[in-house]
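Trainee: Read off the chains here:
Protein chains: 2
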Amino acid sequence: MESRIKRIFSNTEEKIDAFLVANSEHPNLDANFSYVSKTQQGVFEHCYIVAYKNGNGTLMTSQLEEPIARKETKLDIVVFKTRDDRKNSLKQALSKVKKLGINGNNLTYRQYKYISKLTKAKIVDISEAFSKTRSIKDKDEIKSISQACKISSKVADEFPDYIKENITEKQLSKKLVELQYNYGADDLAFSPPIVCFGKNSADPHHSPSDRKLKMNEFVLIDFGARYKGYCSDITRTFVFGKPSQKMKEMYDTVLGAQLKTVDIVKSGANGKEIDKVARNMINEKFKDRFIHSLGHEVGLTVHDGGSLSYQKDFELKENMVITIEPGVYIPEIGGVRIEDTVLVKGNKSNILTKSSKELIEL
Amino acid sequence: MESRIKRIFSNTEEKIDAFLVANSEHPNLDANFSYVSKTQQGVFEHCYIVAYKNGNGTLMTSQLEEPIARKETKLDIVVFKTRDDRKNSLKQALSKVKKLGINGNNLTYRQYKYISKLTKAKIVDISEAFSKTRSIKDKDEIKSISQACKISSKVADEFPDYIKENITEKQLSKKLVELQYNYGADDLAFSPPIVCFGKNSADPHHSPSDRKLKMNEFVLIDFGARYKGYCSDITRTFVFGKPSQKMKEMYDTVLGAQLKTVDIVKSGANGKEIDKVARNMINEKFKDRFIHSLGHEVGLTVHDGGSLSYQKDFELKENMVITIEPGVYIPEIGGVRIEDTVLVKGNKSNILTKSSKELIEL
Numbered sequence: 002m003e004s005r006i007k008r009i010f011s012n013t014e015e016k017i018d019a020f021l022v023a024n025s026e027h028p029n030l031d032a033n034f035s036y037v038s039k040t041q042q043g044v045f046e047h048c049y050i051v052a053y054k055n056g057n058g059t060l061m062t063s064q065l066e067e068p069i070a071r072k073e074t075k076l077d078i079v080v081f082k083t084r085d086d087r088k089n090s091l092k093q094a095l096s097k098v099k100k101l102g103i104n105g106n107n108l109t110y111r112q113y114k115y116i117s118k119l120t121k122a123k124i125v126d127i128s129e130a131f132s133k134t135r136s137i138k139d140k141d142e143i144k145s146i147s148q149a150c151k152i153s154s155k156v157a158d159e160f161p162d163y164i165k166e167n168i169t170e171k172q173l174s175k176k177l178v179e180l181q182y183n184y185g186a187d188d189l190a191f192s193p194p195i196v197c198f199g200k201n202s203a204d205p206h207h208s209p210s211d212r213k214l215k216m217n218e219f220v221l222i223d224f225g226a227r228y229k230g231y232c233s234d235i236t237r238t239f240v241f242g243k244p245s246q247k248m249k250e251m252y253d254t255v256l257g258a259q260l261k262t263v264d265i266v267k268s269g270a271n272g273k274e275i276d277k278v279a280r281n282m283i284n285e286k287f288k289d290r291f292i293h294s295l296g297h298e299v300g301l302t303v304h305d306g307g308s309l310s311y312q313k314d315f316e317l318k319e320n321m322v323i324t325i326e327p328g329v330y331i332p333e334i335g336g337v338r339i340e341d342t343v344l345v346k347g348n349k350s351n352i353l354t355k356s357s358k359e360l361i362e363l
Numbered sequence: 002m003e004s005r006i007k008r009i010f011s012n013t014e015e016k017i018d019a020f021l022v023a024n025s026e027h028p029n030l031d032a033n034f035s036y037v038s039k040t041q042q043g044v045f046e047h048c049y050i051v052a053y054k055n056g057n058g059t060l061m062t063s064q065l066e067e068p069i070a071r072k073e074t075k076l077d078i079v080v081f082k083t084r085d086d087r088k089n090s091l092k093q094a095l096s097k098v099k100k101l102g103i104n105g106n107n108l109t110y111r112q113y114k115y116i117s118k119l120t121k122a123k124i125v126d127i128s129e130a131f132s133k134t135r136s137i138k139d140k141d142e143i144k145s146i147s148q149a150c151k152i153s154s155k156v157a158d159e160f161p162d163y164i165k166e167n168i169t170e171k172q173l174s175k176k177l178v179e180l181q182y183n184y185g186a187d188d189l190a191f192s193p194p195i196v197c198f199g200k201n202s203a204d205p206h207h208s209p210s211d212r213k214l215k216m217n218e219f220v221l222i223d224f225g226a227r228y229k230g231y232c233s234d235i236t237r238t239f240v241f242g243k244p245s246q247k248m249k250e251m252y253d254t255v256l257g258a259q260l261k262t263v264d265i266v267k268s269g270a271n272g273k274e275i276d277k278v279a280r281n282m283i284n285e286k287f288k289d290r291f292i293h294s295l296g297h298e299v300g301l302t303v304h305d306g307g308s309l310s311y312q313k314d315f316e317l318k319e320n321m322v323i324t325i326e327p328g329v330y331i332p333e334i335g336g337v338r339i340e341d342t343v344l345v346k347g348n349k350s351n352i353l354t355k356s357s358k359e360l361i362e363l
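Sequences listed follow chains A and B, in order.
Converting from the first sequence to my numbering requires adding 1 to each position, the first position being numbered 1.
Converting from the second sequence to my numbering requires adding 1 to each position, the first position being numbered 1.
Isolated chain A, as found in the complex (with noise of 0.2 Å):
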């Protein structure tokens, strides 16, 4: 595979001569940098990277992060002590670019003032270029994901030997944390792990709360691990004791609309369209209750890039991650959703989430 900055380059039709990746502040920072330098460690706030047609690259740093640069990069390293040094070396590495992409998804507004300042070069949006490239994952990257989906269906199987009367959300979701760092998760995908009990459920954000889990409830769990900077992203629901005939409908309805729809997902197919299939199948029972995108997808952060939604065309390519979560979600009831990452190649499905989907009652 072609390198990474050389791929960003032929994914734009602009004839920009370099782009840019400017980190802000932790938590607001652009997950091409570690994309770009290849680094796993370090924050690299207010550092640079310009990347030029040639295929090389500097990444300014300042002195904090210069050790793991040193140790983890390949691109050119410059060191700033004081931000007249950074400021220098950003116009220095922009000195003879005519135009020059950013990512407009993630430079901040203050940023692109500050850039424009220190560069006569035409300033465009190539933002698409970066997810389209950070789309097709290589070997490694698959490798990392299917590892953290390896990590998250361990840990979603073992799950409900911890459900028990009466523990709390905020129990269960700690117990997430401490089951993916056992399996060798380097870190979370998102924080704290979703735990909802009954009517929480219907919230798709809900947060751990101090709630007890009482019989015949939904206990929805929603989380994903870490490694090597790729994430993983699942969500699972069970009922503590005996469903109603309504919350087996719930959870027949949505099964049955993700098996659907991540068996026709393939190399080509519109993500558009699987939404509507999901949709519909939900809609004929429980109108109007999917109240998100079926799915989204997934690498260096848990949403990234495009989503399969029934507002917008989305071509599946070969080697994308994606998830498919269908929900339904009824407040006086709770809600069910069933999520899997899965690899999209060739014609046949790939799920790297591999624990079991049937309903357990427990």
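Read the hints as simulated data drawn from the structure, not as lab findings.
None of these values were measured; they are calculated from a predicted model.
It is possible that some hints are incorrect.
Between beta-carbon pairs, the in silico distance windows are [said to hold, decoys possible]:
| id | chain 1 | residue 1 | chain 2 | residue 2 | range |
| --- | --- | --- | --- | --- | --- |
| 1 | B | 78 | A | 210 | 20 to 30 Å |
| 2 | A | 165 | B | 284 | 52 to 62 Å |
| 3 | B | 18 | A | 347 | 32 to 42 Å |
| 4 | B | 96 | A | 119 | 28 to 38 Å |
Ideal placement from N, C-alpha and C gives every residue a C-beta, glycine not left out.
With the hints as your guide, set chain B onto chain A.
Mentor: Below, chain B without anything else, positioned relative to chain A:
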């Protein structure tokens, strides 16, 4: 204390009629979103707040986050279903605005372009007003930060019990995660927690590795908890075994600088001068080995607002929360850093992370 919205207005000299807080995608979210809406849950990707001079505000949310918005915010709520809906509600909210403040420290270039097309308002960067407002913590914020600091302090005090020969950095980092949740953290201030042994501690941002602990090495830990959204930040350095003369000198120098500078923190002091005090003390013994700023503000994010740096004036004010974290880093030996989270309150030091700073030899 006046409402957060009104305080943001009074902290800018720009004659704005309204300001906008715009979230992008996780992890690039604007902490001002939860600050202004007082929501503690939810992600609110691609959601907006428009706030007006009279103190009113409208939160525009997708259906996905609607349940949380309904529970948690007192702002007016507009729910959008589609991208067009979102555009129209934002257009509507901005329709009478002549001058609009934005947070240039967070708003992406792309969001800026999107908004520019929706309004005829003049757009001005009022990021300073956001920082200035968030700098001065109210009672509830101080309570949450204090609780986060209490959790981290307990962890730091207990931590030496887990340090033993051949344990890895990763294993101890995981232990820091576990202990913080055990003591009541809702989440971590940042992850993974930093644990470095020996020479690795010369990298201030080293990520925990499989490196095993040997005798007579530094063990540096840097971590923080999150409680009700607010962060703590603490660093301690231990010696496993016996320190060399040089290691002892490093520790004593950093501790001396830390105690001295914590002591001169007071309302009205200049962070630049305080940084210089620590820098001079360290430079006398270890020239140019203190390679970062003395500290930073802490709040809804762990690096929250301004910093205490020799490069820039920074006035400390009543009810600010900052870190004081001098360090010395020698690649052949390792590093020492000692960090507390400190509340600025009148003339006396208010250390919130109270765990011991005496050199612990294990």
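Trainee: Each of the hints needs a verdict: does it hold here or not?
Mentor: Now the hints, each set against the structure:
1. Roughly 21 Å separates the CB atoms of residue 78 of chain B and residue 210 of chain A, a value that falls within the hinted 20 to 30 Å.
2. Checked against the given bound of 52 to 62 Å, the beta carbons of residue 165 of chain A and residue 284 of chain B, roughly 58 Å apart, stay inside it.
3. Range check, residue 18 of chain B to residue 347 of chain A: about 56 Å between beta-carbon atoms, so the 32 to 42 Å window is missed.
4. Distance hint check for residue 96 of chain B and residue 119 of chain A: the Cβ-Cβ separation is about 36 Å, which falls inside the suggested range of 28 to 38 Å.
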